[in-house]
Structure formats: structure tokens, C-alpha cells
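For this one, chain G is given, so just place chain Z on it according to the hints.
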Amino acid sequence: RKEVEQDPGPFNVPEGATVAFNCTYSNSASQSFFWYRQDCRKEPKLLMSVYSSGNEDGRFTAQLNRASQYISLLIRDSKLSDSATYLCVWGIYGNNRLAFGKGNQVVVIP
Amino acid sequence: DTGVSQDPRHKITKRGQNVTFRCDPISEHNRLYWYRQTLGQGPEFLTYFQNEAQLEKSRLLSDRFSAERPKGSFSTLEIQRTEQGDSAMYLCASSLLGTRRAVNEQFFGPGTRLTVL
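Same order as they appear, the protein sequences are chains G and Z.
So in my numbering, spot 99 of the first sequence is number 1361, and the numbers just go up one at a time.
So in my numbering, spot 38 of the second sequence is number 52, and the numbers just go up one at a time.
Any given hint might turn out to be false.
Said to hold, decoys possible - With a straight-line cut-off of 25 Å between C-alpha atoms, the simulated SDA-like cross-links for lysine to any residue are:
{"#": "1", "chain 1": "G", "residue 1": "K1307", "chain 2": "G", "residue 2": "D1339"}
{"#": "2", "chain 1": "G", "residue 1": "K1364", "chain 2": "Z", "residue 2": "R127"}
{"#": "3", "chain 1": "G", "residue 1": "K1307", "chain 2": "Z", "residue 2": "L74"}
{"#": "4", "chain 1": "Z", "residue 1": "K71", "chain 2": "Z", "residue 2": "E58"}
{"#": "5", "chain 1": "G", "residue 1": "K1304", "chain 2": "G", "residue 2": "E1267"}
{"#": "6", "chain 1": "G", "residue 1": "K1341", "chain 2": "G", "residue 2": "G1356"}
{"#": "7", "chain 1": "G", "residue 1": "K1341", "chain 2": "G", "residue 2": "A1279"}
{"#": "8", "chain 1": "G", "residue 1": "K1364", "chain 2": "G", "residue 2": "L1326"}
{"#": "9", "chain 1": "G", "residue 1": "K1364", "chain 2": "Z", "residue 2": "T129"}
{"#": "10", "chain 1": "Z", "residue 1": "K71", "chain 2": "Z", "residue 2": "D100"}
{"#": "11", "chain 1": "G", "residue 1": "K1307", "chain 2": "Z", "residue 2": "R23"}
{"#": "12", "chain 1": "G", "residue 1": "K1304", "chain 2": "Z", "residue 2": "T34"}
{"#": "13", "chain 1": "G", "residue 1": "K1307", "chain 2": "Z", "residue 2": "E70"}
{"#": "14", "chain 1": "G", "residue 1": "K1307", "chain 2": "G", "residue 2": "E1267"}
{"#": "15", "chain 1": "Z", "residue 1": "K25", "chain 2": "Z", "residue 2": "G99"}
{"#": "16", "chain 1": "G", "residue 1": "K1364", "chain 2": "Z", "residue 2": "H24"}
{"#": "17", "chain 1": "G", "residue 1": "K1304", "chain 2": "G", "residue 2": "S1334"}
{"#": "18", "chain 1": "G", "residue 1": "K1307", "chain 2": "Z", "residue 2": "Q55"}
{"#": "19", "chain 1": "G", "residue 1": "K1341", "chain 2": "G", "residue 2": "N1357"}
{"#": "20", "chain 1": "G", "residue 1": "K1341", "chain 2": "G", "residue 2": "P1272"}
{"#": "21", "chain 1": "G", "residue 1": "K1304", "chain 2": "G", "residue 2": "V1275"}
{"#": "22", "chain 1": "G", "residue 1": "K1364", "chain 2": "Z", "residue 2": "Q31"}
{"#": "23", "chain 1": "G", "residue 1": "K1364", "chain 2": "G", "residue 2": "D1269"}
{"#": "24", "chain 1": "Z", "residue 1": "K85", "chain 2": "Z", "residue 2": "L69"}
{"#": "25", "chain 1": "G", "residue 1": "K1341", "chain 2": "G", "residue 2": "G1278"}
{"#": "26", "chain 1": "Z", "residue 1": "K85", "chain 2": "G", "residue 2": "N1357"}
{"#": "27", "chain 1": "Z", "residue 1": "K71", "chain 2": "G", "residue 2": "G1356"}
{"#": "28", "chain 1": "Z", "residue 1": "K25", "chain 2": "G", "residue 2": "D1301"}
{"#": "29", "chain 1": "G", "residue 1": "K1307", "chain 2": "G", "residue 2": "A1282"}
{"#": "30", "chain 1": "Z", "residue 1": "K71", "chain 2": "G", "residue 2": "E1265"}
{"#": "31", "chain 1": "Z", "residue 1": "K71", "chain 2": "G", "residue 2": "I1354"}
{"#": "32", "chain 1": "G", "residue 1": "K1304", "chain 2": "Z", "residue 2": "K85"}
{"#": "33", "chain 1": "G", "residue 1": "K1304", "chain 2": "Z", "residue 2": "H43"}
{"#": "34", "chain 1": "G", "residue 1": "K1341", "chain 2": "Z", "residue 2": "E58"}
{"#": "35", "chain 1": "G", "residue 1": "K1364", "chain 2": "G", "residue 2": "T1286"}
{"#": "36", "chain 1": "G", "residue 1": "K1307", "chain 2": "Z", "residue 2": "H43"}
{"#": "37", "chain 1": "G", "residue 1": "K1304", "chain 2": "Z", "residue 2": "I40"}
Since the hints were made in silico from the structure, they are not lab data.
With the rest of the complex left out, here is chain G (with noise of 0.2 Å):
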């Protein structure tokens, strides 16, 4: 089984629409959680980090759930610049090796 599971879409998501989407880890090791846009043919870039409370940026609100082992990203008022693909990482203290999702693909269409 993979370490990150994403499902990729793509998501087509009208202008102002709401859209969320999860990934689920397998690994229990201590670890740290984020959310990575990446922009076509670009490097990835931290989005935000995700914290056992939640956490909210603006319209972005991300959670961790890890009794179940997933986290998710709410995007609140699609813009056409939030057209990405979110990765789902995990990173393992220490080493701080990354480990990424497929990533969710999103397309805001106006």
C-alpha cells in the first residue's frame, strides 16, 4: 500500500464554489502534515502545514484526523488562480524525508 493515497480528479469546480478533498496515510510513524500546491510544469510549494486542531488560512481550512488516518483541504470562494494540484505530504521527524500524494487536480472554471 502506498504511503499517501489521493485521488486525482481532476475537480472541475465552478468560480465561488466550495470544493474539499482528502488523502488517507498508512504510515504511523511520528510524523508532520501539509498541503503542497503545485502549478503546472512548476515546483511544488508549501501551501499550509495541517495540525491535529485544524487549521485556517484565509479560505483555505485544512484538517487532520488520525484516529482514521486522513487529512483534508477546504478551498471556500474558488478563484481561477487557485487552479493547482494540492499534494497531500507527510514528513517523519528526523529526517524529514517527504512523502507526497498523487495530488488532487483542480480546475475553477469561471
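Same frame as chain G, now just chain Z:
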């Protein structure tokens, strides 16, 4: 520009040739990582360095691959006898040393896109 840089940005080579890529991390970062990304997939970890020491290698890193970070600054990734299956984006990332209770952000370079004909 003080971000992570990689050179070249694109490389086209014939099967069987050797190629070498370079990564210059953010100057104060002591951790340097190499990842490989193929179309439709997320990046996959290859190897990482803490200063000049190579501390971990993935099983993806066959014996045709070798990475170095001789002075603890820039790093090179060499692929010998390239195969068509090596075609991918090779990403370098750097970070500060993590702790036992936190994973520090990794900053990625723009990548080197390798095409093996």
C-alpha cells in the same frame, strides 16, 4: 534570487549516455533532498544529505544513480547509462535541520526535466 536553483532546467539525452544535474540550495540550509517526479504522480524521495553526509537512499536509487554533496553546499546527481524509464522531473529541495517533534519546510528548486530518447 536566494531560492533553490537547479541546472540545467532541461536535458535531452540518448539512451546509454551519462547525465549530471546540479542543485544549489538556500545557503544556510544544511539539509538537501533529491526527488523524482513523473507525469501524474507526486514527487518520490530519492536521497538526502545533512551537510556533506548522505544519510538515506531510497530503493528507487539504483546503482546507476549517484549523488554527492562534497562541501556541504551544492549537490550533484549523476545518472549513468540512462534508460528511457529515467525520463522524469528531478527536483531538489533544501531545509534546515528538523527536530524530533517537527518537520521543517522544504523549499524546492524549479527542477531538471530529463528526457531520454
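So which of those numbered hints doesn't the model satisfy? 6, 19, 22, 32 and 34
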